[in-house]
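Per UniProt numbering, the very first residue in the sequence shown carries number 1; after that it's consecutive.
Nothing false has been slipped in among the hints.
Restraint ranges, calculated between C-beta atoms of paired labels, are given here:
(1) ASP60 with ASP8: 38 to 44 Å
(2) ASP8 with GLU64: 38 to 44 Å
(3) GLU63 with VAL16: 34 to 40 Å
(4) ASP66 with ASN7: 38 to 44 Å
Honestly, the hints are just simulated from the structure, not real lab data. Beta carbons: idealized from backbone N, C-alpha and C, even for Gly.
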Amino acid sequence: MHAVFPNDTEPLVEQVVAEIEEVLQDLPEPGQELEEEDEEDDEYDYEEGDSDSDDEDSDDEEEEKDENRRLR
Numbered sequence: 001m002h003a004v005f006p007n008d009t010e011p012l013v014e015q016v017v018a019e020i021e022e023v024l025q026d027l028p029e030p031g032q033e034l035e036e037e038d039e040e041d042d043e044y045d046y047e048e049g050d051s052d053s054d055d056e057d058s059d060d061e062e063e064e065k066d067e068n069r070r071l072r
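Using the sequences provided together with the hints, build the complete structure.
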């Protein structure tokens, strides 16, 4: 673990160490390719017009209004 966190002086909780070791075991060895997980990728495929841009627009509008108030 010292190689992963060389500047950390406090001991890690046992559950954290176990989780890190589990993730490290799942990583491919050097020279191996990563496994493709198409199922997870499909979850985030959006068609044009399906994005949550409405929320972003309203946030941008709010920020613009706040800035305009400050400038007055």
